[in-house]
Amino acid sequence: MLRANVETDHQIVIEIGGVPIALHTTDPAFVEILQARFSDFFKAGMTPEFSFDVQLVPPGMFDPDADAEVWLENGQWRMERGDFRATWDPETRRGTIRQSANPYSIDSVLRICHTLLLARSGGFLLHASSGVRNGKAFLFSGLSEAGKTTIARLAPSDVELLTDEASYVRKVGLQYLACGTPFAGELGAPGKNISAPIDAVYLLAKAPQNSAVRMEPAEAIRRLMRNVLFFAHDAELVRLVFESVCAFVATVPVYELSFFPDQRVWELIG
Amino acid sequence: MAYSEKYVAKSTTIASRLLGDETIVMSTVDSTLFSLNPTASAIWEAADGKTPLSRIVQEKLYVEFDITLEQARADAEEFIAELAAHGILVVYDRPIAQ
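Residue numbers (this note's numbering), protein chains in the order written: chain A, 1 to 270; chain B, 1 to 98.
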């Protein structure tokens, strides 16, 4: 008796920053992994703007020590790191991801895709935690160990956390919105899938006392550029990101926040 | 003076923004950022590849800033050598086409 080995295509849609991206896989166990990882960002039934076919491969197929590389080749974005290989065609809006059955590789591919999309729309991903208080979003940026997760952990109960790792800055008209992301840092938990107008950005520095000092635009641009997440080797997009940050600083105040790590720091916020 | 009769132009692989009298320049090749002080910004703004550096020094630095001509030349030399080494400014022997 002949048996047909039928593989069912499962589509899940992950919406970040208002952009729904579909992931197709034939592995139902992988769908469960993704649903758990992306929880609030998993949107059943939503029409995607882009889609990826995910091909699961055994772990260790690629060079595990390879850093992320992103470049445009023959009209297609190519993204590679030690744990994945991905392509994405902006024309057809389709792509492929080859990775093992883990949620972290796809998390990285999604980050990269969103940086590429944001670069053309005046936004960017910022290495920052962020939260919404009284309808306004506040971003806390810094390199590793600067205190992004510490500030998030100290947030009072009226603050809704958008992320403790990678903040999504989206330009809508003349306004900048911060959107929640599933991209988690030390907290290990995704943010809320909500958005709010950005009221201020704080560049973090741990100190014995709390103070917030508004930064001059030039210094703010220099410091923010260090914390913008952008991976592609593409001079045109790098230029656009720089211009986006300059325009952002002209609209949104940037402060240097020196803080002692206890809850009193939030008295300065909002 | 090494660059006196040379022509300087901004590289095509940069992005820049003038903020007050300070300019931030970024290489789009490696994302390196440069901050230009007011005198360096004046040279940067005038670096059109058509005006000889000696004229830029005379008209933009010596006349507009409170420095001696000698100091203006020295500042320009240092600035151009540094940015040219990073590929941010390009130095030509002749004026470049529009």
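These are computed hints drawn from the structure, not numbers from a lab.
Please read these numbers as outputs of a predicted model, since none were measured by experiment.
Treat each hint with caution, since some may be false.
[To be verified] Some chain B residues close to chain A (C-beta under 8 Å, calculated; not the full set): (1) Ser11; (2) Arg17; (3) Leu19; (4) Glu22; (5) Met26; (6) Ser31; (7) Leu33; (8) Ser35; (9) Pro38; (10) His86; (11) Val90; (12) Ile96.
All C-beta atoms in this analysis are idealised placements derived from N, C-alpha and C, irrespective of residue type, glycine included.
Evaluation of the provided hints:
1. Restraint check, Ser11 of chain B versus chain A: the minimum CB separation of about 11 Å is more than 8 Å; hint violated.
2. Because the closest C-beta pair between Arg17 of chain B and chain A is about 5 Å apart, less than 8 Å, the hint holds.
3. Restraint check, Leu19 of chain B versus chain A: the minimum CB separation of about 5 Å is within 8 Å; hint holds.
4. Hint status for Glu22 of chain B: holds, given a least beta-carbon distance of 5 Å to chain A, under 8 Å.
5. The restraint placing Met26 of chain B at the interface with chain A holds, with a minimum CB-CB distance near 5 Å, inside the 8 Å limit.
6. The criterion of a C-beta within 8 Å of any C-beta in chain A is met by Ser31 of chain B, whose closest approach is roughly 6 Å, and the hint holds.
7. With a least beta-carbon distance of about 6 Å to chain A, the hint placing Leu33 of chain B at the interface is held under the 8 Å criterion.
8. Taken as an interface hint, Ser35 of chain B checks out: its beta carbon lies about 7 Å from the nearest beta carbon of chain A, inside 8 Å.
9. With 8 Å as the threshold, the beta carbon of Pro38 of chain B stays out of range of chain A, its nearest partner Cβ sitting at about 12 Å, so the hint is violated.
10. Given hint, His86 of chain B at the interface with chain A, is violated; its Cβ is 15 Å from that chain's nearest Cβ, farther than 8 Å.
11. Proximity of Val90 of chain B to chain A is violated relative to the hint, the smallest CB-CB distance being about 16 Å (cut-off 8 Å).
12. Nearest Cβ of chain A to the Cβ of Ile96 of chain B: about 20 Å, over the 8 Å cut. The hint is violated.
Hint violations for this structure: numbers 1, 9, 10, 11 and 12, all remaining hints satisfied.
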